[in-house]
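If you read the protein sequences in the order shown, they are chains F and S. All letters in the first sequence, in the order written, are residues 1 to 354 by full-length UniProt numbering. All letters in the second sequence, in the order written, are residues 1 to 172 by full-length UniProt numbering.
For the record, the hints were derived by calculation from the structure and aren't laboratory data. Among the clues, some could well be false.
What the hints assert, rightly or not - Quick list of simulated restraints, FRET-style, between CB atoms:
no.: 1; chain 1: S; residue 1: 15; chain 2: F; residue 2: 140; range: 54 to 62 Å
no.: 2; chain 1: F; residue 1: 183; chain 2: S; residue 2: 56; range: 40 to 48 Å
no.: 3; chain 1: S; residue 1: 79; chain 2: F; residue 2: 98; range: 53 to 61 Å
no.: 4; chain 1: S; residue 1: 165; chain 2: F; residue 2: 133; range: 32 to 40 Å
no.: 5; chain 1: S; residue 1: 76; chain 2: F; residue 2: 336; range: 22 to 30 Å
no.: 6; chain 1: F; residue 1: 336; chain 2: S; residue 2: 146; range: 24 to 32 Å
no.: 7; chain 1: F; residue 1: 166; chain 2: S; residue 2: 76; range: 40 to 48 Å
no.: 8; chain 1: S; residue 1: 165; chain 2: F; residue 2: 134; range: 30 to 38 Å
Said to hold, decoys possible - Partner residues aside, some chain F positions facing chain S, computed with beta carbon under 7 Å:
no.: 9; residue: 23
no.: 10; residue: 37
no.: 11; residue: 43
no.: 12; residue: 45
no.: 13; residue: 136
no.: 14; residue: 149
no.: 15; residue: 152
In this text, a Cβ means the ideal position worked out from N, Cα and C, and glycines have one as well.
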Amino acid sequence: MTDHTSHTTHGTDDPQLRDLLTAAVPDDAPTLDAARLARDARTARTRRRTATAVGGVLAVGATVAGVGLLGGQDPAARDDTTATTAPYDAPTCPATLPELPDAVWAVDSLDGLASVRICPDLDATAGPLLSVDEKGQVLASMDALVQSDRFGEQVDVAETFDPERCATISVVNSRQSLQLTFDDGRSVLLPTAMCSPISVAGREIDGGALGTAYLAALDGQRDDLTYSHPFSGPLPCAGRGSVPDAARPGREQLVAAVLCTPDGEEVAPLSDAQLADLNDAWRSAKEFVQDPTADDESECTAPEDAPSYLVVGTDHSDVMRFSDTGCGFLVWSGWRPGDSQALPTTLADLGLTP
Amino acid sequence: MSEAVTVVEPRVDAGPTFEEYVAARSAALWRSAWLLTGDRHKAEDLVQTALMKCWGRWSRIAPEAVETYVRKTMVTTYTDWWRRRWNGELPTGELPETAAAPVDGGIRRDVLVALAALPRGQRAVVVLRFFDDLTEAQTAAALGISVGTVKSQTSRALRTLRTSGLLEDTHD
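Make a model of the complete structure from these sequences and hints.
And the structure:
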């Protein structure tokens with residue numbers, strides 16, 4: 001059956017890898033019933049032709065799966081044979097990030113890239129600073145990109161630096177950086193400040209776009225790999241600065257949340273029941289697009305006063321903010337530029353009184 | 001009244017019937033699917049799903065292209081499956097049980113952990129090239145990508161597997 005002469009050689013990796021794969025695979029493959037398969041296929045075809053609710057069947061399945069997820073029992077996560085801790089094993093961020101003028105603004109090549117990690121500027125906040133321990137907790141709980149090829153793919157399609165656009169914009173002075181670690185042990189910190197021209201393999205990328213490329217790659221990795229981290233970080237109503245996350249409604253589980261006043265004061269943590277209801281709404285979130293033609297008399301104009309909000313932690317240690325719009329839903333701003341999601345619930349629905 | 005519909009139309013060109021193919025190749029497909037998914041039940045589900053998709057087109061598949069067509073369907077299903085899983089939809093069938101303790105736990109676990117670190121596309125290339133022994137051209141056809149992409153995916157995958165410690169570092 002196997003024609004070894006048809007191979008393109010890859011040096012000594014051929015027989016070694018082949019032997020390993022062959023040794024790993026179980027010998028006892030199940031026997032499939034061809035007649036039953038054909039019968040099932042015929043039944044499925046008939047169903048597709050007569051029913052209009054195939055999507056409804058899947059939606060029901062999703063709802064059932066959603067109920068199963070309430071207790072954090074993600075069926076996909078039970079597959080321990082493919083679970084990994086690699087995203088948490090990548091080298092951690094340095095204690096001190098360089099100021100923008102002192103940063104490295106170029107990397108010649110992404111060859112040999114092993115991991116990429118976002119290093120947030122936790123001191124860039126108008127509120128009270130996190131303690132040293134709290135900062136350590138935040139940094140230790142963040143997942144890194146270990147499928148490093150994804151970063152290269154995203155960088156290839158990232159927007160190039162536009163000097164004309166940035167001529168009218170002041171560079172946002174932030175020390176937030178991407179830490180690139182290579183197979184040979186080298187590491188490089190690249191700024192992700194918007195309107196910073198960062199040279200990556202000879203191509204000038206806007207620092208903001210570089211950060212988005214990283215989050216897009218991390219988003220893909222979270223689809224591909226099974227991993228999570230017990231949430232142990234702080235959930236401060238203020239003072240955490242901006243820490244980018246790659247969360248997506250319904251994928252990450254919400255594991256903790258606190259209610260905050262518009263002034264950034266904590267009111268109370270959510271109960272298990274309230275968290276369960278919030279998870280339901282999270283899974284049902286839909287893209288929120290503000291209607292520019294909305295009547296000013298509409299009750300759904302932005303409130304004059306800043307709204308109360310929830311600070312929410314996920315099983316991937318993301319920390320997100322859900323704001324009560326006063327229009328019958330909570331709003332979360334995603335990592336993609338312009339992405340806002342509406343969660344079909346309110347603080348009142350959750351039994352929360354700011 | 002009408003006669004019962006045959007499951008598969010007879011092939012004029014004497015290629016395998018659907019039943020013949022399943023009997024001859026399902027075990028091999030399952031082994032490949034196991035390397036892709038890392039789980040017995042998911043592998044069975046994947047193979048069954050792919051074969052059911054191919055059933056309706058069986059009579060229109062050229063005999064010499066059957067294997068490639070089925071593998072392409074399986075890999076496409078695998079890729080699509082894992083993407084939809086995180087959108088709240090789950091594949092049909094039984095939920096996977098925890099894998100039983102393997103006979104040779106060390107190698108099996110090491111291989112699965114190493115494969116789990118590869119992106120889906122690279123994982124598929126590794127399985128097709130090094131386990132199924134497909135050529136670069138056959139792999140490209142099965143995955144619907146160029147031969148050049150197969151080469152680059154292979155190179156990156158091998159580098160990752162070396163870094164993971166699964167493969168000994170070579171001096172090429």
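Legend entry - Indices of hints not satisfied (ascending): 3, 11, 13, 15
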